[in-house]
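Visitor: Chains as they are written, first to last, in my numbering: chain A, 1 to 379; chain B, 1 to 260; chain C, 1 to 387.
Please note: incorrect hints may appear among the correct ones.
Said to hold, decoys possible - Stretches of chain C that chain A covers, calculated by requiring three or more beta carbons in the stretch to come under 8 Å of a beta carbon on chain A: (1) 71-80; (2) 176-186; (3) 253-266; (4) 331-340.
Said to hold, decoys possible - Straight line, CA to CA, 30 Å or less: simulated DSSO-like cross-link-like pairs of lysine-lysine: (5) K194(C) to K194(A); (6) K270(C) to K263(A); (7) K109(C) to K47(C); (8) K47(C) to K92(B).
Because the hints were derived from the structure by calculation, they are not lab data.
C-beta: ideal position from N, C-alpha, C; glycine also.
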Amino acid sequence: MNFAFTEEQAMFRDMFADFAAKEVEPRAEHMAEDEEVPAGLLKKAAMQGFLGALTPEDYGGAALDPMSYILLLEEIAKSDMSTAMVLHVHNSLASQAILLCGSEAQKEEWLPALAEGGAVGAWALNEPDSIALGSMQATAKVDGDAYILHGTKAWVSNAGIAGLYVIFAVAPEGPTAFLVPADAEGLKLGNRDKTLGMRGVQINPLYLNDVAVPAESVLGQPGGAQAVLDQVTDFSRLSMAAIALGGAHHALDLGVKFAIDRKQFGSEIALKGAIQAFIADSALEVETLRSQIYRCASLAEQGKLDREAAAIAKLWANRVAYQVGNRMIQTHGGYGYILDYAIGRVFRDCRTIEGIEGTNRSQQTAIAKSVLATHGFAA
Amino acid sequence: MRIVVCIKQILDPETIKFSRSQQAIDDRLATRIMNPPDRWALDAALRFKEADPSIEVIAMSLGEPGVEDVLREALALGCDRAILLSDAAVVKARAAGLAQIVATAIRRLRNVQLVMTGHMALDTGSGTLGARLAIELGDWPVLMNVDQLRLEGGHITGLQYADEKYYHSSYPLPAVATVLETPQHPRYPHGADIINAYRVRNVEVWSSLALGIDPTTLPAPTTGRQLRVPPARQLGLIVEGTPQEAAQTLVAMLRSRRVI
Amino acid sequence: MDLTLPKEYDLLRHMIRDVMENEFAPVAEEADEKAEVPFEAIKVAAKAGLFGIPFPQEYGGSGAGELGYVILMEEISRVDSAMATVVGAHIGIAAMAVYVDGSRALKEKYLTPMAQGAKIGAFCLTEPAAGSDAAAIKTRAIRSNGNWVINGTKIYISNGPFADLFSVLAVTDPALGARGGVTAFVVEKEMGTKIGVVEKKLGIRASATSEVIFDEVEVPQANVIGQEGLGFVTFMKTLDLGRVTVGAASLGGAQKALEMIIDYARLAEKYGMPLAHQQQVQFMIADLYSWNEMLRGLVYRTAWMVDNHRPFAREAYVCKLMGSEIASKAVSYAMEIHGALGLSRDYPLERAFRDARIAEIFEGTNEIQRIIIARDLLREVGVHIEP
Ligand SMILES: Cc1cc2nc3c(=O)[nH]c(=O)nc-3n(C[C@H](O)[C@H](O)[C@H](O)COP(=O)(O)OP(=O)(O)OC[C@H]3O[C@@H](n4cnc5c(N)ncnc54)[C@H](O)[C@@H]3O)c2cc1C
Ligand SMILES: Cc1cc2nc3c(=O)[nH]c(=O)nc-3n(C[C@H](O)[C@H](O)[C@H](O)COP(=O)(O)OP(=O)(O)OC[C@H]3O[C@@H](n4cnc5c(N)ncnc54)[C@H](O)[C@@H]3O)c2cc1C
Numbered sequence: 001m002n003f004a005f006t007e008e009q010a011m012f013r014d015m016f017a018d019f020a021a022k023e024v025e026p027r028a029e030h031m032a033e034d035e036e037v038p039a040g041l042l043k044k045a046a047m048q049g050f051l052g053a054l055t056p057e058d059y060g061g062a063a064l065d066p067m068s069y070i071l072l073l074e075e076i077a078k079s080d081m082s083t084a085m086v087l088h089v090h091n092s093l094a095s096q097a098i099l100l101c102g103s104e105a106q107k108e109e110w111l112p113a114l115a116e117g118g119a120v121g122a123w124a125l126n127e128p129d130s131i132a133l134g135s136m137q138a139t140a141k142v143d144g145d146a147y148i149l150h151g152t153k154a155w156v157s158n159a160g161i162a163g164l165y166v167i168f169a170v171a172p173e174g175p176t177a178f179l180v181p182a183d184a185e186g187l188k189l190g191n192r193d194k195t196l197g198m199r200g201v202q203i204n205p206l207y208l209n210d211v212a213v214p215a216e217s218v219l220g221q222p223g224g225a226q227a228v229l230d231q232v233t234d235f236s237r238l239s240m241a242a243i244a245l246g247g248a249h250h251a252l253d254l255g256v257k258f259a260i261d262r263k264q265f266g267s268e269i270a271l272k273g274a275i276q277a278f279i280a281d282s283a284l285e286v287e288t289l290r291s292q293i294y295r296c297a298s299l300a301e302q303g304k305l306d307r308e309a310a311a312i313a314k315l316w317a318n319r320v321a322y323q324v325g326n327r328m329i330q331t332h333g334g335y336g337y338i339l340d341y342a343i344g345r346v347f348r349d350c351r352t353i354e355g356i357e358g359t360n361r362s363q364q365t366a367i368a369k370s371v372l373a374t375h376g377f378a379a
Numbered sequence: 001m002r003i004v005v006c007i008k009q010i011l012d013p014e015t016i017k018f019s020r021s022q023q024a025i026d027d028r029l030a031t032r033i034m035n036p037p038d039r040w041a042l043d044a045a046l047r048f049k050e051a052d053p054s055i056e057v058i059a060m061s062l063g064e065p066g067v068e069d070v071l072r073e074a075l076a077l078g079c080d081r082a083i084l085l086s087d088a089a090v091v092k093a094r095a096a097g098l099a100q101i102v103a104t105a106i107r108r109l110r111n112v113q114l115v116m117t118g119h120m121a122l123d124t125g126s127g128t129l130g131a132r133l134a135i136e137l138g139d140w141p142v143l144m145n146v147d148q149l150r151l152e153g154g155h156i157t158g159l160q161y162a163d164e165k166y167y168h169s170s171y172p173l174p175a176v177a178t179v180l181e182t183p184q185h186p187r188y189p190h191g192a193d194i195i196n197a198y199r200v201r202n203v204e205v206w207s208s209l210a211l212g213i214d215p216t217t218l219p220a221p222t223t224g225r226q227l228r229v230p231p232a233r234q235l236g237l238i239v240e241g242t243p244q245e246a247a248q249t250l251v252a253m254l255r256s257r258r259v260i
Numbered sequence: 001m002d003l004t005l006p007k008e009y010d011l012l013r014h015m016i017r018d019v020m021e022n023e024f025a026p027v028a029e030e031a032d033e034k035a036e037v038p039f040e041a042i043k044v045a046a047k048a049g050l051f052g053i054p055f056p057q058e059y060g061g062s063g064a065g066e067l068g069y070v071i072l073m074e075e076i077s078r079v080d081s082a083m084a085t086v087v088g089a090h091i092g093i094a095a096m097a098v099y100v101d102g103s104r105a106l107k108e109k110y111l112t113p114m115a116q117g118a119k120i121g122a123f124c125l126t127e128p129a130a131g132s133d134a135a136a137i138k139t140r141a142i143r144s145n146g147n148w149v150i151n152g153t154k155i156y157i158s159n160g161p162f163a164d165l166f167s168v169l170a171v172t173d174p175a176l177g178a179r180g181g182v183t184a185f186v187v188e189k190e191m192g193t194k195i196g197v198v199e200k201k202l203g204i205r206a207s208a209t210s211e212v213i214f215d216e217v218e219v220p221q222a223n224v225i226g227q228e229g230l231g232f233v234t235f236m237k238t239l240d241l242g243r244v245t246v247g248a249a250s251l252g253g254a255q256k257a258l259e260m261i262i263d264y265a266r267l268a269e270k271y272g273m274p275l276a277h278q279q280q281v282q283f284m285i286a287d288l289y290s291w292n293e294m295l296r297g298l299v300y301r302t303a304w305m306v307d308n309h310r311p312f313a314r315e316a317y318v319c320k321l322m323g324s325e326i327a328s329k330a331v332s333y334a335m336e337i338h339g340a341l342g343l344s345r346d347y348p349l350e351r352a353f354r355d356a357r358i359a360e361i362f363e364g365t366n367e368i369q370r371i372i373i374a375r376d377l378l379r380e381v382g383v384h385i386e387p
């Protein structure tokens, strides 16, 4: 067993941290206020290769190993969770799905564009009344050698800035994933979804008003949406967990700095037992979360990341992010409630994690199912 | 002059449940409130009083002793007096009997020029007391379902709603008016007036004996024999096919069931 | 032991709920988003006497005591927690300080217009170096020609930007400090108070919070609340009363969250069945209901103790501590159940979540509440602890 980063991973991490400090941190507050990602930031990210993070070099990507990619998300999230989430949806969902399930033609058409930042990727799976393929309402009717997409997609992150949507709809063959360029006729963005946190991520509903797409835009097989999800879901949960880790780490950092600066009753509040308990419990949670996430990244490197490990990472991430954010805002006293201090934004973002890619309950269900299965019980 | 406002206490429709298994109303958790339209009637009466302080507004209710609460609410809202018509012999009176008792009490008060009610009680949906009172009081004119009431030159004027239209109506006093709810929210009682309505002020209780009513001569109250909750609605039938096909199928179905 | 509420309190609750649902509910979301105080609705509330509920009628109040005040805060918070802060700062601490220790003349002059809502109050205690450690205040009042001249800066003052009257704590004898050297004053805006930074906040955004600056502000001797030198005691007594109603406000918020959970669990279907059929959801509902009922018992008992002149300070700490934590938990559960919908700013939970957080922080952080409860209990066995 070896818990050390390779030299390359360690170098990458420093580079990511440097980028986060120089480019992301100074913009974070404005992104939350203006509720958008500045185009300039994405351009800089593209120049660093962050928009083709997992994409092989043949397609213009940076070909990061899974561990390095997880470090990228963690380091960016330490400065701003919204920015990390934009990268996550683009890389872990859109680009990954094409890389793992796409035809050679699709890879050539989309991967270089995505990697260069020519097109940002978005993932349109959920619907107002559906979070599972089984209950999906959007349809893809066959018309000659094209499909006509019709329906409504909800909570589409990056919707406002995307060049490419991965859209899920029910075709005659069953639920199917499609690659749809943003300028396709009949695609329409709904009103911006305003959220508690992650305000920098542009999220909208997406209306499919009879969008005609050629048969070649099917990702994987017609009726193969489940196979696409099986390929990306676990790693994408892990990468959301990494964002939570960065956020929780950031919150702890802010809280500790405040506790050292702030004096009440004649001494630094960092010396008070209650505050030390906050710090200790938070460090405990952040470090155990980090261990689980790095373990999962290492499993991913070996191609062995499984549903249970990823769900444990995400469920623990949901809880840790919220709890640490909560303790650290409390550590700030009244200052935590005033938006001049970054902790307010981080607290909001930390809580929002829970609603993305599987609520606590769905993770619990997945974990329990898997644990019960090891005892020969099918839940 | 005096204005009498008739107020009914009802079960808050939002807190009533129906029990299908018992085929009965389940009011165990229901709360009792002032019939909402009566609040608008009261509000209009109190506006008259604001314009002319010599007007005395009297709230009146017939019912069980617990009905006192809506009268206290009326006091809190600004009524001068509140009268509860209550004794074992009359609390069950409805419709015609109710009108007789209330009219007797109104005559007892003297110098009542205007009687106001809500346009209907939301529990029974009946809405007849105003008209019945007008007859009992000696064929007073009655403005049914009115809004924007004004008192001027010995007349009561308002916009009367009937047959989906509004009509201007004006009648000389004494008269009866049944008042509609309007979008404008009626006044809120002041906190201090609420406290005083219970701690300082008084609800007068008049019995049938005091009114000189012989309960045995009152018309018998209507009684319910059985209450039934309508059956749950079944899912309808959806006729499939192109419009032409569907229309044909539908016509055939209606014919076969002898609807057409 | 008769635990039924006198009937006037049912009617009082009914009226307050009516005002909140008709006047505040329709504007609450926009007021939060734009961080604007809903003054029009506040005027209606003032007219219905909401700002004088606990105070005697001789001072323009309703005479409903602490019990009435608890009901008020519970009902306000069901609809709009930001408003609970506006009212809490105004009645619960600013006006309450005058009520608790002010002379009859001072009450007539200042409590009456505050109870009527004609003037709005703010409570000025916190300073940059004095948050939890309130005794560390630096704002100074110096005697001059029979008047007092106040200098200093107060921060995070609720209602600061629009208050007409300020209950202010200042040092009058630095040698004695909090033990006899601090005095409470009522200061009129016209005496020269200035408003500094108006803060942008995480939640309760429809309440306004600002710096209040005293720069050579001259205040008559008559405006001293209670005895010179004993202002710290006045302010602490006032905060004790305020804490009961932080508990009450929390109860209102927690109750609303429970109602939202039950409603959503009944309607929302996941995997072909209403959420209500999931045991995890059922347990949340059961736990929350249990906590709410405990809190209700505590809050109403404490209000009864206040109105019946029993010592209540320790219970008040528990009201604030448990209330704020139960309310946060309730909203947090509601959010978890609602999934992405709970995170949307088009749905009221998101606002409730940001708003609920303040109750664990202000009117003494929950750590301070815990320290004081423990200090109290330990003192009984002869152990003296320092915060
Ligand atoms: C929205 C808002 C409205 C407000 N309204 C008012 C108002 O109207 N009037 C007014 O006077 N003030 C008001 N305040 C100020 C509020 O009461 C203070 O913020 C609060 O008392 C905490 O003080 P602080 O912010 O200085 O935090 P600190 O006292 O600096 O606390 C920081 C952290 O240290 C902890 N801590 C401090 N001392 C100890 C200790 N001895 N042991 C263990 N832990 C400790 C605290 O619990 C907290 O977690 C308001 C604040 C806010 C945010
Ligand atoms: C900021 C943000 C960005 C998002 N971005 C995207 C995006 O880019 N693309 C996209 O497609 N979606 C996106 N989403 C949607 C998100 O992935 C889903 O909302 C999430 O999966 C949860 O679904 P839900 O909101 O319907 O919550 P629900 O699942 O409805 O949560 C409500 C309750 O349902 C129950 N429940 C849910 N699942 C299960 C289960 N499996 N077993 C048992 N009970 C269950 C739980 O009790 C849960 O508490 C985003 C959401 C947010 C908040």
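Visitor: Each hint: holds or not?
Guide: Hints, one by one, checked against the model:
1. Using a Cβ-Cβ cut-off of 8 Å, 0 residues of the stretch 71-80 of chain C lie near chain A, which falls short of the minimum of three, so the contact claim is violated.
2. For the stretch 176-186 of chain C, the stated coverage by chain A is not satisfied: 0 residues place a CB nearer than 8 Å to a CB of that chain, which falls below the threshold of 3.
3. Interface restraint, the stretch 253-266 of chain C with chain A: violated (0 residues with C-beta to C-beta distance below 8 Å; minimum three).
4. Only residues whose beta carbon comes within less than 8 Å of a beta carbon in chain A count, and the stretch 331-340 of chain C has 5; three or more means the coverage holds.
5. A hinted pair counts as satisfied when its Cα atoms are at most 30 Å apart, and K194(C) with K194(A) does not qualify at roughly 36 Å.
6. Our distance criterion of 30 Å between C-alpha atoms is broken by K270(C) and K263(A), whose separation comes to about 50 Å.
7. Of the pairs offered as hints, the one joining K109(C) and K47(C) holds, with about 19 Å between alpha carbons and a cut-off of 30 Å not exceeded.
8. Our distance criterion of 30 Å between C-alpha atoms is broken by K47(C) and K92(B), whose separation comes to about 39 Å.
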